[in-house]
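Peer 1: Residues per chain are reported as follows:
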Amino acid sequence: MGDIEVVTAELRTAASNVGTAAESVGAVKPGAAVERISSALPDSASAGKASRCSTMWTRRIEDWATAAGAQKTRLEESATNYDGADAAAYARMMRMMRVQ
Amino acid sequence: MTSIATVLSWKPDQLSGVVDDLIACRRTLVDLQDELDAGAPPASWISAAAALARPAHQELGADLADLVAEISMVLTSIEAESQSLVLARRQLEDAVEHARSSGFTVDTATGNVVDARPNDELTETEADDRQAQCDEIVDRIEQALRSAVSADEELAAALDRAATGLDLPGSDLSDASDAGASEAGDDVLPPPEGSAADQNAWWNGLTEAEQLAVIADNPRWIGNSDGIPAWARDQANRSLIDDYRSELQDEADRLQQNLDDNLFGGTFTNDDSRLEDVNNKLKALDEIDNPGEAGRAPALAPGPLRGRADARRRVQRQRGYGRSRSCLHPWPDEHGPRQSRKLRRQHARSSGTRAGRGRQVRRRRLGRHRDVARVRRTADGE
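Residue numbers (the numbering used here), protein chains in the order written: chain A, 23 to 122; chain B, 104 to 485.
Hints listed in this document are in silico derivations from the structure and should not be mistaken for laboratory results.
Even for Gly, the Cβ is constructed at its ideal location relative to N, Cα and C.
A couple of the hints might just be wrong.
Claimed, not checked - Anything over 12 Å on all C-beta distances counts as not near chain A; from chain B, calculated: (1) Glu200; (2) Trp306; (3) Asp375.
To be verified - Facing chain A, from chain B, some residues (calculated, C-beta under 10 Å): (4) Ser112; (5) Leu118; (6) Trp148; (7) Ile149; (8) Leu170; (9) Ser185; (10) Ala254; (11) Asp263; (12) Gly268.
Work out the full structure: start from the sequences and follow the hints.
Peer 2: Take a look at the structure:
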């Protein structure tokens, strides 16, 4: 039982950290910054590339935040499953001890 | 095709705000290293689910590191190119203003430069002077456009690479930031073929950092170029002394070998006189490097350059002394000073060569750079 307690606590800590990272990354907007190149250098070669870069970064940040959020969920669910399994095993053992 | 009007419409000083925002983004992301490390699936967790969670976490780290590297690359590129763009735009403004104040009209859409003064009232000499003035204006405009287009293309290339996605090894965010910055290309284009005025315009189109980089990394570009300031040529040539000495020593060894192998020595060849010539040049280099032994005071601090920091120190020191010092030419007999365009034109005129009939060729289209607006020289408004 001791091993299971340690793992679930660590899993929840890891999940929390991944969740924090997901929120922080999701709030970063490099795409908006780089988009301003288009207005600073109109009709330039950079302007067209800046728009594409902006689109790609925005999409990748969203994808990363989504993937990190999913990872957080997996870690939390694993911890919950371990806790649930541990509780069920504990209950079974108690029943067996009463029978004996 | 990038026109004068297009470059004049650019506002490169606004790019500093973009850089600031990207720096803030990068800092936020790099600061997430602790959360990312602490978010790794615990080592004590051993199960089928853990086997799936670990590579997923590694992929998150690698993807974030790539994003940091891309942001770092782009902001480094913007920082570098915005300086070039500011400089190029200012030079273009100055050239256009100079043209107008000198009585030329500049069409900022087509690039036509036209002499607004009536040609009929000019003497032949005056017309030649006007043509020379027109040529100079066109050179200045052309070089400013070339610099602007080059900086724009460099920045566009960095943005394109970022949009395509970098795939650098490792997932340490700070390392990725450094790696991305080093990915930003800060290549300086070599000087253009052409006149001293062309090369001078190219040199003046470089930022100070780029000039120092050329002196340290590509001294041969400028060592014997008339259009480059003497202090820069001097520094470039000094940085090449070791190379020159090595080449001369190889030549001396080769000639000596020829003489040793020849039964008649240098009697039927001129190897002996050439060897003496080479040895004299080696001595001249020694005098430059060791002026005390040669009994001459050094004109300038001797010794080859050791990187850009050394170049910067020497440049600053020399600028303090003044720029009018003669520059060092280790091989003055082979690479003597070239005539300026004006001198060449005067010489050609007096000798009746084709170049001397420049006045008859009043109208010329230029387009040395395919992306640069073509500029028409029309001194007589033909």
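Peer 1: Enumerate the violated hints, using their earlier numbering and listing them in ascending order.
Peer 2: none
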